[in-house]
Amino acid sequence: MNLHKQIVQIKFATKKIDEEIMNLLQDQLYLKKGAQGAKRDRSNLKIKINEKEDVIAKTENEIVKLELQSLHLENKLDKLKEKSQEIGNEMENKKKLIDKYELEIKRQNTVIEKKQSEIDALNKKFDELKTINDEEYVGPMEATINNLIKAVAQKEKEYYEMQQLWIRSQTDIIKLTKKNSKMSEEIQDLKMRSTILDRKRIIINSKIENEEKEIKEHDRNINQLQHDMVKINTLISKNVDVQSKLVENNLDLENEFKAKLKESSINLLRLEEKLDSLKSEKEKAVNGLIETERQMMLWEKKIQLTKETQAALDPNIGSTEIRDMKLEIHRMKLRLKGLLRLQEKMIVEMEKAVYRREYIQMKGYSKPNTVTNAQTQYNKAINELQKRIKIISSDLRECDKEITTLTNTQHQLDEQSSSIKETCDFLEKRQSNLLQEYETKYNKKNNIINAKIILQKRNKFYTDIKKGTFVTNPLSINDKKAEYKKIYEKINKINNVVNTVEKEYGDKYNQFLIESRGLIQLLYQTVPSPKD
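The letter at position 382 of the sequence shown is residue 382 when you use my numbering, and the numbering goes up by one with no holes.
Just so you know, the hints here were simulated from the structure itself, not pulled from any lab data.
Quick caveat, the model's predicted, so the values are computed rather than measured.
Not one of these hints is a red herring.
Simulated DEER-style distance windows between Cβ atoms:
#1 Asn210 <-> Asn44: 18 to 24 Å
#2 Glu185 <-> Gln436: 57 to 63 Å
#3 Lys213 <-> Leu80: 38 to 44 Å
#4 Lys486 <-> Asn210: 34 to 40 Å
#5 Asp120 <-> Leu80: 52 to 58 Å
#6 Glu254 <-> Arg40: 36 to 42 Å
#7 Asp276 <-> Leu29: 52 to 58 Å
Where is the CB? At the ideal position from N, CA and C, for every residue including glycine.
My request is simple: use the sequences and hints to build the entire structure.
And the structure:
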C-alpha cells in the first residue's frame with residue numbers, strides 16, 4: 001500500500017517536474033526570441049542612426065556650401081553695388097559735364113547769333129557803303145569783317161567739336177545705362193538666388209530639426225530597449241535561480257527516489273523471505289495434515305476393528321483404551337483446528353504484508369471444513385502474490401525508465417541553460433559595446449555641432465565686420481590684445497576640433513574639412529596674432 005502511494009507520488013512529482021521543465025523551456029524560448037528581437041531592433045536602430053548621421057552630415061555639408069555660396073554672392077553683390085555706385089557717380093559727372101557743354105554750346109550759339117547779326121549789320125552797312133562809294137577803299141572795315149568771318153568759322157568748328165563731344169557723351173551715357181540695367185538685372189538675379197538659397201536653408205533647417213526629432217525618438221527607443229534588456233536580464237537571473245532550485249530539487253528527488261527504491265527492494269527481499277518461510281510452513285502444515293489424515297484413517301480402522309471386536313467380545317473389556325483413543329481423537333481434532341487457525345492467520349498476515357490493507361477487501365473467509373478448500377485458497381494466495389510481485393517489478397522498471405528520462409531531460413536543460421547563459425552574456429557584452437560606441441559617436445557629433453555653431457558665429461562676426469555693421473566698444477590697446485588673444489585661442493580650439501574630426505572621420509567629412517580648413521586659414525589671416 002505504501003509502495004503504491006510512493007509510486008503515485010513519484011508519478012505526480014515527475015509530472016509536476018515535466019510541467020515545470022516545459023514552463024522553463026517556454027520561458028527560455030521567450031527570452032531567446034526576445035533577445036533576438038532586441039538584437040535585431042538594435043541593429044536596425046544602429047543602421048537608421050548611421051543613415052541619419054550620414055543625412056545630417058550631407059545636410060551640414062550642403063548648409064556649409066550654401067553659406068559659402070551666400071558669402072560669395074554677398075561679396076559679388078557688394079562689388080556690384082560698389083561698381084554700380086561708381087558708374088552712377090560717373091554718369092552724374094558725365095551728365096554734369098554734358099549739361100556744362102550744352103550750356104557752353106547755347107552760350108556760344110547766342111554769341112554766334114550775336115556775331116552773325118553784327119556781321120549781317122556790317123554786311124548791310126558795307127553794301128550800303130559799297131554802293132555809295134564803289135571805288136572808295138575801306139581797309140579797316142574789311143579787315144574786321146575778315147576777322148569776324150574767321151572768328152565765326154572758328155566758333156563753328158568749336159561748335160562742331162562740341163556737338164561731336166556731346167554725341168560721344170550721349171553714346172557713353174547710353175552704354176552706361178545699358179550696363180547699369182544689365183547690372184541691375186544681375187543684382188535682381190542674385191537677389192532671387194539669395195532668396196532661393198535662404199528658402200533652401202530654411203528647408204534644410206526644418207529637415208535638420210526633423211532629423212533631430214527622429215534622433216530623439218531613436219534615443220527614446222534605445223532607452224526603452226535598455227529597459228527591456230534590464231527586464232530580460234532580471235528574468236534571466238530569475239531563470240538561473242529557478243534552474244538552480246530545480247537542480248537541487250531534482251537531486252533531492254533523485255536521492256529520495258533512490259532511498260525509496262532501496263527501501264522497496266529491501267521490503268521486496270523481506271517479502272520474498274517471508275514468502276519462502278510461509279511456503280515452508282505451508283509444506284509443513286500440508287505434511288502435518290496428511291499425517292493427521294493418515295493417523296485418522298488408521299484410528300478409524302482401529303475404531304472399526306474395536307467396534308467389531310467389541311461387538312464380538314464383552315463390552316466392558318477395553319473400555320479404558322477406547323476412552324483413551326477417544327481422547328486422542330479429540331486432541332487430534334483440536335490440533336487440526338489449531339493448524340487451520342494458524343493457516344488462516346498466516347494467510348491474513350501475507351495479505352496484510354503484500355496488499356498493505358489497500359487492494360484486498362476482506363470478504364470474511366468462512367472456516368474451511370475440508371483440506372481441498374484450504375489447498376485452493378493457498379494456490380490463489382500464491383498466484384496473487386506472484387502477480388503482485390510482477391506488477392511491482394514492472395512498476396520498478398517504469399520508475400527506472402522515468403528516472404533515466406528525467407536525468408536525460410535534466411542534462412538537456414543544463415546544456416540549454418548554459419547555452420542561454422552564454423548567449424545572454426554575449427548579448428550583455430554586445431549591448432555594453434554598442435552603448436559605448438553610441439556614446440562616443442554622440443559626443444563626437446555634439447563636438448562637431450558645437451564647432452559648426454562656433455564657425456557660424458565667427459562667420460557672422462566676420463561678415464558683419466566686412467559689411468561694416470559690427471559695432472564694437474572703444475577698447476584700449478591692452479583690451480584689444482586680450483580680445484585678440486581670446487579670439488586666437490578660440491580659433492586654435494576650432495582647429496583642434498577640426499583635426500580630431502579629420503583623424504576620426506577623414507573620409508566621411510572630406511568636403512566639410514576642406515571648407516573648414518579654408519575658413520580657419522581665413523580667420524588666421526584676418527585676426528592679428530596676440531604676439532603682434
